[in-house]
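> The chain contents come next:
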Amino acid sequence: VTALQPPGVPLFVAGTTGPNMPATMNALVRDPFTFLLQPPLFRATRAAALNLTEGQHQYVPWDTAAEDTAGGWAAPSVVGGGGSSTLSGATSVGATSATLVSAANFAIGDVARFESSGANVEYRVLTGVAGAVISWSSSIPLTLAHANGSAVTEVSSDPSRYTVQAPGWYDVTARVSISGTGAAGLVLIPSVAVNQASHTGFNGGAGWEGPEHSVPTGTSGQLKMTPGLWSVYCNLGDVIQIDLWFSTESAITAVDTTAGWVCAAEIYWSGV
Amino acid sequence: MPSGAVALPPVIPHTWIEQAGVVYGDPLRAKTLESQVAVAVAWHRQRPLFQGEATVTTSVASATYVPIPLAELVDNVSGHSDSANTSRWAAPGTSTGPDWYLAVGQLPFATSDPTKSFLAALRVNGSTVFEGMKVAGATGHNTTPLVCDLAQLNANDYLELCARQDTAGAVSTTVSSKSATLGIRWVCAGSGTTVATPATPRTWTAADAITADSTGGAKVPLNLHIRDVIRWLNYPPIARITSVGSSQTIPTGAGTWTSIQFPTATVDNYTMWSSGTNTKLTINRAGVYFVYGLAAVAEASGAAGYRASRLLVNGTTVYGGMSSQVATASTAGTQLPAFGHIRLAVNDTIELQMQQNDTGALTVKTGTGDHARLIAVWRSL
Chain S
1 VTALQPPGVP LFVAGTTGPN MPATMNALVR DPFTFLLQPP LFRATRAAAL NLTEGQHQYV
61 PWDTAAEDTA GGWAAPSVVG GGGSSTLSGA TSVGATSATL VSAANFAIGD VARFESSGAN
121 VEYRVLTGVA GAVISWSSSI PLTLAHANGS AVTEVSSDPS RYTVQAPGWY DVTARVSISG
181 TGAAGLVLIP SVAVNQASHT GFNGGAGWEG PEHSVPTGTS GQLKMTPGLW SVYCNLGDVI
241 QIDLWFSTES AITAVDTTAG WVCAAEIYWS GV
Chain Y
1001 MPSGAVALPP VIPHTWIEQA GVVYGDPLRA KTLESQVAVA VAWHRQRPLF QGEATVTTSV
1061 ASATYVPIPL AELVDNVSGH SDSANTSRWA APGTSTGPDW YLAVGQLPFA TSDPTKSFLA
1121 ALRVNGSTVF EGMKVAGATG HNTTPLVCDL AQLNANDYLE LCARQDTAGA VSTTVSSKSA
1181 TLGIRWVCAG SGTTVATPAT PRTWTAADAI TADSTGGAKV PLNLHIRDVI RWLNYPPIAR
1241 ITSVGSSQTI PTGAGTWTSI QFPTATVDNY TMWSSGTNTK LTINRAGVYF VYGLAAVAEA
1301 SGAAGYRASR LLVNGTTVYG GMSSQVATAS TAGTQLPAFG HIRLAVNDTI ELQMQQNDTG
1361 ALTVKTGTGD HARLIAVWRS L
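Sequence order for the protein chains is S and Y.
FYI, in my numbering the residues of the first sequence are 1 to 272.
FYI, in my numbering the residues of the second sequence are 1001 to 1381.
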């Protein structure tokens, strides 16, 4: 971890000699003030198209980071010499494993990317590799179907994940959106997850649920967005994700990509 | 404090005196640095914080603000009791009170009634209400409104999360997959001194010549590098402006956004608001701000269509808020938030806008508790 850490209470000891004063002032004044004036902050959006499945929890994979002061997020890149194969048989929504033509060079802990580009791309951290079969947590099944022969590639990171670089409380604001013609009773719910769980202990399926309400029933011109606002405690290395879930009354299958109405999240350190 | 000294934070910053002629300058003493820097850091790394959640359901009578009992998850100033008056969190005593607190709550109702309105609200001392999101239920689903506001609290003033609905019967909250929660965090002193936006704190060197205010060469003015940083942390830019006093209406029209007018400022310590251009806040200290707007309109029974809210920066950049079907047989009104953390430069403007497609214009609400509002809180360089 290279990010500046939350300050302790400075202890100033009388008698610090002149040559030691710069180091003392930097450690006890500069660094605490720097952290408090500019604590860890992450602001990101999902600007590109993203396909969805109704009634499924999906952690939003960010593709644009406006700022990430502590370096908790990274865009995924292909791992040289890592796993690279194709599906041997299609996967369906809800799958927690997949058979590859070859699982060579995949290992537990790797991030597997399903499909190489476009709105159908999904990422999962592998929890098992056996023969040609790779598997991942049953609490994060695939939310999209992937055709036989689709590429499966090891990449450097899961872009839905912000990894906490300094412990403490984080204020999380998020907005999730869907696009298409609505229907009576259609609800859209954002959740925040810390390590794929709810900070409060009340788990809506993929985290701590935010507001729930009936979104507009009209066409895509009637924008459909729900915001959420939470404070969560995180230890160093914990993972924060935003889940998007919407109910099954409509035929909607994608997020909104209208400027300003894309899925977005901000994560701000607010104290220890 | 590490030395055992007792402090009542937030510390009122010391102004160093310049040495001049027969006037002795203030020395840079460990004791002074402890009472200034250490006390400030101790406070701002761990400002008063409460977070509680409901562990039992509450029956919410119709047309009544019903407080929600909470079990504490964290309460670093002992403002809450898990055994008595459990809906309440009381503010601590501070050197600058009444201070400003940012409170956020959400309230899941076990209802699927699309004809009525369901509301989350904050209440101070059992009487002063600040309403939040007010939306219709959704057929086949629960309904969870959210409330957020900036509240000024004296020591021992207490804040509660309240539920309200207008079904004419009782509706329960839920504690299954989701539960009511309330979070409160100190964000700003009740009084202070405004200063320029601090620069990134300097790296001290052996060549530094410590002064009070004078600059040039190797001179390092403590009033700039220590006092003013503490002043800023204690008293950052915040604003809360409201529609109280407005007679505005929001015209009907899908795709038509209307900026909400805010004739009244509850707080505006860095003069971001002007009564002459009352639809916007104009930033005069750069940084990342938490911005929260609540669009609030009156509704007649038989309302139709949807309502939507958004934030607009510099008249061009959109930050989407929320969109919702309206309650079709309620006269309680609709209230939709729009919020986020937004990086803003000096002279950037921010507005709250609303859109609706009912058959006619809707009047912006101006009640003491159910008005539209726009809040900004500075959070980071």
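It should be emphasised that the hints constitute simulated quantities derived from the structure, not laboratory data.
Do not rely on the hints blindly, as some may be mistaken.
[Claimed, not checked] Here chain Y is said to cover these stretches of chain S; the calculated rule only asks that three of the stretch's residues, wherever they fall, bring their Cβ under 8 Å from a Cβ of chain Y: (1) 20-27; (2) 73-84; (3) 140-146; (4) 161-173; (5) 180-188; (6) 225-231.
[To be verified] The calculated SDA-like cross-link candidates involving lysine to any residue, where the alpha carbons are at most 20 Å apart (straight line), are: (7) Lys-1219/Y <-> Ala-1199/Y; (8) Lys-1219/Y <-> Thr-24/S; (9) Lys-1031/Y <-> Thr-96/S; (10) Lys-1219/Y <-> Gly-8/S; (11) Lys-1219/Y <-> Ala-1007/Y; (12) Lys-1219/Y <-> Gly-1245/Y; (13) Lys-1031/Y <-> Gly-15/S; (14) Lys-1031/Y <-> Asn-26/S; (15) Lys-1031/Y <-> Leu-37/S; (16) Lys-1031/Y <-> Gly-8/S; (17) Lys-1031/Y <-> Arg-1227/Y; (18) Lys-1219/Y <-> Thr-1205/Y; (19) Lys-1031/Y <-> Val-1074/Y; (20) Lys-1031/Y <-> Ala-27/S; (21) Lys-1031/Y <-> Asn-20/S; (22) Lys-1219/Y <-> Leu-11/S; (23) Lys-1219/Y <-> Pro-1002/Y; (24) Lys-1219/Y <-> Ser-1078/Y; (25) Lys-1031/Y <-> Ala-90/S; (26) Lys-1031/Y <-> Ala-254/S; (27) Lys-1031/Y <-> Gly-128/S; (28) Lys-1219/Y <-> Val-9/S; (29) Lys-1031/Y <-> Thr-53/S; (30) Lys-1031/Y <-> Val-129/S; (31) Lys-1219/Y <-> Thr-1015/Y; (32) Lys-1031/Y <-> Ser-137/S; (33) Lys-1219/Y <-> Pro-19/S; (34) Lys-1031/Y <-> Val-9/S; (35) Lys-1219/Y <-> Asn-20/S; (36) Lys-1031/Y <-> Glu-1018/Y; (37) Lys-1031/Y <-> Thr-17/S; (38) Lys-1031/Y <-> Thr-1055/Y; (39) Lys-1031/Y <-> Ala-1199/Y; (40) Lys-1219/Y <-> Ala-1209/Y.
Idealized CB from N, CA, C, for every residue including glycine.
> The structure should be examined with respect to each hint, and the outcome stated for every one.
Verification of the supplied hints:
Here's how the segment 20-27 of chain S fares: 4 of its residues keep a CB closer than 8 Å to some CB of chain Y, so the rule of at least three is met and the hint holds. With 0 residues carrying a beta carbon less than 8 Å from a beta carbon of chain Y, the segment 73-84 of chain S misses the three-residue requirement, and the given coverage is violated. Note: the segment 140-146 of chain S has 0 residues with beta-carbon separation from chain Y under 8 Å; the three-residue rule is not met and the coverage is violated. With a threshold of 8 Å between beta carbons, the proposed coverage of the segment 161-173 of chain S by chain Y holds, since 3 of its residues qualify and at least three are required.
With a cut-off of 8 Å between beta carbons, the segment 180-188 of chain S has 4 residues touching chain Y; three or more are needed, and the interface restraint holds. Given a C-beta distance limit of less than 8 Å, the hint that chain Y covers the segment 225-231 of chain S holds, as 7 residues qualify and 3 suffice. Among the hinted pairs, Lys-1219/Y with Ala-1199/Y is consistent with the structure: their alpha-carbon atoms are about 16 Å apart, no more than 20 Å. Between Lys-1219/Y and Thr-24/S the alpha-carbon distance is near 18 Å, which keeps this suggested pair within the 20 Å criterion.
At most 20 Å may separate the alpha-carbon atoms for a hinted pair to count; Lys-1031/Y and Thr-96/S exceed this at roughly 60 Å. The suggested pairing of Lys-1219/Y with Gly-8/S is violated, with an alpha-carbon distance near 28 Å, which exceeds 20 Å. At most 20 Å may separate the alpha-carbon atoms for a hinted pair to count; Lys-1219/Y and Ala-1007/Y exceed this at roughly 30 Å. A C-alpha spacing of about 51 Å is found between Lys-1219/Y and Gly-1245/Y, which places the hinted pair above 20 Å, so the restraint is violated.
As the CA atoms of Lys-1031/Y and Gly-15/S are separated by approximately 11 Å, the hinted pair is consistent with the 20 Å bound. At most 20 Å may separate the alpha-carbon atoms for a hinted pair to count; Lys-1031/Y and Asn-26/S meet this at roughly 17 Å. In summary, the hint linking Lys-1031/Y to Leu-37/S is not supported, as the alpha carbons are separated by about 23 Å, beyond the 20 Å threshold. Among the hinted pairs, Lys-1031/Y with Gly-8/S is consistent with the structure: their alpha-carbon atoms are about 17 Å apart, no more than 20 Å.
For the hint pairing Lys-1031/Y with Arg-1227/Y, the CA-to-CA distance comes to about 15 Å; that is within 20 Å, so the pair holds. For a cut-off of 20 Å, the pair hint linking Lys-1219/Y to Thr-1205/Y stands: about 11 Å separates their Cα positions. The straight-line distance between the Cα atoms of Lys-1031/Y and Val-1074/Y is roughly 32 Å, outside the 20 Å bound, and the hint therefore fails. For a cut-off of 20 Å, the pair hint linking Lys-1031/Y to Ala-27/S stands: about 17 Å separates their Cα positions.
Of the pairs offered as hints, the one joining Lys-1031/Y and Asn-20/S holds, with about 17 Å between alpha carbons and a cut-off of 20 Å not exceeded. With a C-alpha separation of about 25 Å, the suggested pairing of Lys-1219/Y with Leu-11/S is violated against the 20 Å cut-off. Between Lys-1219/Y and Pro-1002/Y the CA atoms are separated by roughly 30 Å; this puts the pair beyond 20 Å, and the hint is violated. For the given pair, Lys-1219/Y sits about 44 Å from Ser-1078/Y by alpha-carbon distance, which is inconsistent with the 20 Å threshold.
Restraint check: the Cα-Cα separation between Lys-1031/Y and Ala-90/S comes to about 70 Å, which exceeds 20 Å; the hinted pair is violated. The suggested pairing of Lys-1031/Y with Ala-254/S is violated, with an alpha-carbon distance near 60 Å, which exceeds 20 Å. For the proposed pair Lys-1031/Y and Gly-128/S, the alpha carbon gap of about 58 Å is over 20 Å, so the pair is violated. Restraint check for Lys-1219/Y and Val-9/S: not satisfied, since their Cα atoms lie roughly 27 Å apart, outside the 20 Å limit.
With a C-alpha separation of about 62 Å, the suggested pair Lys-1031/Y and Thr-53/S falls outside the 20 Å cut-off, and the hint is violated. With a CA separation close to 60 Å, the supplied pair Lys-1031/Y and Val-129/S exceeds the 20 Å bound. With a C-alpha separation of about 16 Å, the suggested pair Lys-1219/Y and Thr-1015/Y falls inside the 20 Å cut-off, and the hint holds. About 54 Å separates the Cα atoms of Lys-1031/Y and Ser-137/S, which puts this hinted pair outside 20 Å; it is violated.
Taken as a hint, the Lys-1219/Y and Pro-19/S pair is honoured in the structure, with Cα atoms around 17 Å apart against an allowance of 20 Å. Note on Lys-1031/Y and Val-9/S: the hinted pairing holds, with a Cα-Cα distance of about 14 Å set against a maximum of 20 Å. Restraint check for Lys-1219/Y and Asn-20/S: satisfied, since their Cα atoms lie roughly 18 Å apart, inside the 20 Å limit. Distance restraint check for Lys-1031/Y and Glu-1018/Y: the Cα-Cα separation of roughly 19 Å lies within the 20 Å cut-off, and the hinted pair is therefore satisfied.
A threshold of 20 Å between alpha carbons decides the hint, and for Lys-1031/Y with Thr-17/S the separation of about 15 Å falls inside it, so the pair holds. Distance restraint check for Lys-1031/Y and Thr-1055/Y: the Cα-Cα separation of roughly 46 Å exceeds the 20 Å cut-off, and the hinted pair is therefore not satisfied. Between Lys-1031/Y and Ala-1199/Y the alpha-carbon distance is near 25 Å, which puts this suggested pair outside the 20 Å criterion. At most 20 Å may separate the alpha-carbon atoms for a hinted pair to count; Lys-1219/Y and Ala-1209/Y meet this at roughly 5 Å.
In this structure, the hints that do not hold are numbers 2, 3, 9, 10, 11, 12, 15, 19, 22, 23, 24, 25, 26, 27, 28, 29, 30, 32, 38 and 39, in rising order.
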